[in-house]
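Chemist: Chain by chain, the residues:
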Amino acid sequence: MRAHIPSYEMLAPKTLEEALTRLAGGSGEWRIFAGGTDLMVLLEAGKLTHRRFLSVWRVQELRGITFAPQYVTLGSLTTYTDVLRHEMLRREFPLLAAAAAETGGVATQNRGTLGGNIVNASPAADSPPALLVYDAEVELVSTRGARWLPLREFYTGYKTTQLRGDELLERIRLPRETAGFKPYYRKVGTRKAQAISKVCFAGLRNRATAEVRIALGSVAPVPLRCLKTEAVVLQGGDSATALAMEIAPIDDMRSTAAYRLRVAQNLLKEFLDA
Amino acid sequence: MLRPGYTPQEFARACAAYIARQGPLRSYSQYQAPPGIFWDDEKYQGDAYGAFAWAAYVAEVSVDTLTCESRITNFVAVQEVGRVVNPVLAAGQIEGGVAQGIGLALYENVVWQNGRMVNGQMTNYIIPTAADIPPIKVIFEEQPYAYGPMGAKGIGELPMDGPAPAIASAIENATGILLNSIPATPEVLMAALENAYA
Amino acid sequence: MLMPKAAINLTVNGAARSVAVWPMARLLDVIREELGLTGTKEGCGEGECGACAILLDGHLINSCLVPALQADGAAITTIEGIARGDKLAPIQQAFLECGGAQCGICTPGMIMAAVSLLGENARPSEAEIRNALAGNLCRCTGYMRIFEAVARACRPEGLQP
Chain P
3 MRAHIPSYEM LAPKTLEEAL TRLAGGSGEW RIFAGGTDLM VLLEAGKLTH RRFLSVWRVQ
63 ELRGITFAPQ YVTLGSLTTY TDVLRHEMLR REFPLLAAAA AETGGVATQN RGTLGGNIVN
123 ASPAADSPPA LLVYDAEVEL VSTRGARWLP LREFYTGYKT TQLRGDELLE RIRLPRETAG
183 FKPYYRKVGT RKAQAISKVC FAGLRNRATA EVRIALGSVA PVPLRCLKTE AVVLQGGDSA
243 TALAMEIAPI DDMRSTAAYR LRVAQNLLKE FLDA
Chain U
629 MLRPGYTPQE FARACAAYIA RQGPLRSYSQ YQAPPGIFWD DEKYQGDAYG AFAWAAYVAE
689 VSVDTLTCES RITNFVAVQE VGRVVNPVLA AGQIEGGVAQ GIGLALYENV VWQNGRMVNG
749 QMTNYIIPTA ADIPPIKVIF EEQPYAYGPM GAKGIGELPM DGPAPAIASA IENATGILLN
809 SIPATPEVLM AALENAYA
Chain R
-16 MLMPKAAINL TVNGAARSVA VWPMARLLDV IREELGLTGT KEGCGEGECG ACAILLDGHL
44 INSCLVPALQ ADGAAITTIE GIARGDKLAP IQQAFLECGG AQCGICTPGM IMAAVSLLGE
104 NARPSEAEIR NALAGNLCRC TGYMRIFEAV ARACRPEGLQ P
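Residue numbers (this note's numbering), protein chains in the order written: chain P, 3 to 276; chain U, 629 to 826; chain R, -16 to 144.
No lab work stands behind these hints: they were computed from the structure.
A quick note: this is a predicted structure, and the numbers were derived from the prediction, not measured.
We put the beta carbon where it would ideally sit given N, CA and C, even for glycine.
Treat the hints with care, as some may be off.
Stated by the list, open to error - So, partial list: chain R residues that the calculated Cβ filter (under 7 Å) puts toward chain P:
#1 L(-15)
#2 S1
#3 M7
#4 L43
#5 N45
#6 P50
#7 A117
To be verified - Covered by chain P, per the in silico footprint, the following chain R stretches (three or more residues, Cβ under 8 Å):
#8 30 to 42
#9 51 to 58
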């Protein structure tokens, strides 16, 4: 454990308003801390450079899963366990449940949150590909107000997002329009559990309405919704080549660019052939 | 003081009674190599060991053709160890060693950069989880070794030796590719398959 | 810079405790050093191995990943809280009988994961046991006897697929 613990400060606001007031001013003095499954790893490695955190774990306004006619809305503190236990969410949004089941082990699932996962912005995260094909939107709030943003636009580059220094991700919403779509989710990792993905593929296809949605993780600096490949699929073109041109896999400690590309293409084919 | 079939509690009581009556008990013994076993440590010649334990391992592997991931679906480990002294511990040792051998065969890639290992953490040095290990069936044969304690030979390192060759052979059986290095990662297998069928 | 310690109150294995902690001290260290309960182990210090697993408000979590401040007002159960005095819980007895522990470093976390599983699923299948324990790494046993121990603790017929 490499951090100098006494130099870290943490407050625990009880309400969303209290948290936003602290964040206000936008100087970035305080940062949000949710389940800790990413930030504590950085702390233990001696790599958590920021020192002042607001724990929102007990802010009840950030919890809850609500079904309305048009949308399902999830509080940003929704954990993977919350997703797996919600029968209606699992039925209507099976890719999200599949992603939650692939994330870490039970202990991680009990503490990791969708909001934290999105804001951490790792390109290898398991949930964003599912959220992207579900056309998820995120609500960013501050003392200045609230704004909804498509998740697709939230990521601006490797581990960078639209989140401003005084903002907090409050809710995620998914349009309830999945009827008729056949779901496909596959994560290829270094082992069957507790693995960071080498390639992560989420797809939805509705042959009746000629719609297809494809998103991948771990093959670009951001979780990637592959709109160009979708267009080629609908035109009946060479989707494998389109995918190769749209993604940008790299060599790293876990895998190689060549492997990732081939697997992504193989999963695309399996998805389309189904 | 003790009759055959004594319990641990009876043994403890007998020890205490002995010491109370006779004072401390001291016993001296010295290892004597079994007759007929000669080892020349200077020339590294002769019989290094009095006996060898033997094993046969069978791995059943399923290779995913989309991802080149190898999954062990079944594993049988048969060993002849002279005498099984503690069946639970002996089988546990084999199962653990087989799991380590599976890690060696499929997962445990050591990544070097400038002479340093860069994946020395549990997150990036990949050992098998409970989700990765197949059912492991362990069978013992016993041909007691005259000079081993109660006829036992050794068992410690044995289960590490067999799994990786068995798994590599199973992968060859499935794909036609005999890899000459381990771990047989999906990346290595995929490159070999593409080469072979190019 | 040195932040002052703050007092947190938590219930530990049923007993009310109050400790002074730095807010972002790892709960693992609070458990081992402030509370003196060394049954919970550090295996990796990065939330990967599960050796530090405990129950926090009934949920299985890795205590190396929880800052102390977030445990304020919580009820935690550590491995020391599983036995009833001298009487081992069925899962612990099963581990003994099946040889579920070799070096023992993963064992406290494994048992907490098993307790968490059995609390929600009284008769898990082998697949369910594997899934529930997938976040607890073991290097010694090859997992087989751990699965058997969990099954034996709850099913007279033993491990079922």
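Chemist: So, for every hint listed, does it hold in this structure?
Modeler: Results of checking the hints against the structure:
no., hint, result
1, L(-15), "holds (5 Å)"
2, S1, "violated (17 Å)"
3, M7, "holds (4 Å)"
4, L43, "holds (5 Å)"
5, N45, "holds (5 Å)"
6, P50, "holds (6 Å)"
7, A117, "holds (4 Å)"
8, 30 to 42, "holds (count 5)"
9, 51 to 58, "holds (count 3)"
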